[in-house]
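My request is simple: use the sequences and hints to build the entire structure.
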Amino acid sequence: MSMIRDLRAAVRPSRRRDVPPYGYEKSAPACPNSAIVDCGVYREGRRVSDHVSPAEAMARVRSEGGFAWIGLHEPTEAEFAGIAQEFGLHPLAVEDAVHAHQRPKLERYDETLFTVFKTVHYVEHTELTATSEVVETGEVMCFTGRDFIVTVRHGGQGSLRALRHRLQDDPELLAKGPSAVLHAIADQVVDGYMAVAGAVQDDIDEVEIDVFSSGTNGKGNGGKGSPKGGDAGRIYQLKREVLEFKRAVSPLLRPMQLLSERPMRLVDSDIQKYFRDVADHLARVNEQVLSFDDLLNSILQANLAQAAVAQNEDMRKITAWAAIFAVPTMIAGIYGMNFDYMPELHWKFGYPAMMLTTVAICFGIHRGFKRNGWL
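Just so we're aligned: 218 in UniProt numbering is position 218 of the sequence shown, and the numbers increase by one with no gaps anywhere.
Check each hint, because a few of them may be wrong.
Listed next, the in silico BS3-like pairs over lysine-lysine satisfying Cα-Cα at most 27 Å (straight line) [stated by the list, open to error]:
#1 105 / 246
#2 105 / 176
#3 105 / 239
#4 239 / 273
#5 370 / 317
#6 105 / 317
#7 246 / 176
Computed beta-carbon distance windows for the label pairs [what the hints assert, rightly or not]:
#8 79 / 304: 48 to 54 Å
#9 88 / 301: 26 to 32 Å
#10 321 / 294: 39 to 45 Å
#11 198 / 304: 24 to 30 Å
#12 202 / 283: 31 to 37 Å
#13 298 / 50: 52 to 58 Å
#14 85 / 51: 19 to 25 Å
#15 291 / 50: 44 to 50 Å
#16 81 / 126: 42 to 48 Å
For the record, the hints were derived by calculation from the structure and aren't laboratory data. We put the CB at the ideal spot given by N, CA and C, even for glycine.
Now the structure itself:
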């Protein structure tokens, strides 16, 4: 149990919403004009070399043991070609790593595991609007071999710098080899999902409160029962962002199950046990994201129903006032026909009597509509 706690403490950062679950800064390359962010050799859990090229790192690993960890940020084909040749990476996986925009997956090419993770970052905003960006995604791709791990990052978030430092502070864990790094990356990515899910839940709660409060008290919304303008747009925007979130989470379920259940030569047996914990957290996040979609559908239907009710109320008011104005219109129409023999035509009090009769009838109709809730 103590080993599990130490492992989780090493790879899991804080989940405070005001502080991202891991650094979102764009790491500066280790070498100017190069996509390589860092390149190091690790032996018995400790870093034994700095400022070496990938070729030099692999030469030291093959002669002295240990493993190499090379980190890259948005490499071009030319920048990645030498590394791919040095580590014997499959051309199909290399193409995916360079061009990005891949769905989360786990593939095996000879003696290399190729893993794609979608990183997710919550975009802070003062007010949710119909154009607000809520979820920003990036990618982290890992080539895991027996004595190396190559990480390729795309996007401005999901930096692995802090993770590398935490792992270097735990030599016992890092001594497990490249699979320990792969697990730490997977665990960090899934922890990021959990933090973003909590923030998106807050946005959905805010929209839900606005929608249902606008249908009850109507404060500032143009009267009782009038839905706030733009609610439907905000809901649709949230649905699009949740869909983007879902595309990052759901496809990763199968790869995490494989890493946690199927024995693999490239994954240390002790590390494989911890992938089960990652898979469990990922399944919980996936259930939460699926519930977001259902909840937003319900909120949208409620908003549309409120709009229909508001329109019906407006139509009732228009109909009621039309009925009231129909009375003086009818009387004026009758007395405008210019017949000689009409009731009270030459009576001295005919005009005021007719006006009083018109007002009395209109007042009675108004009271009736008011009593029935039409006005």
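inquiry  = Hint compliance check: list the failing hint numbers for this structure, sorted ascending.
reply    = When the structure is compared with the hints, numbers 4, 6, 7, 9, 12 turn out to be violated.
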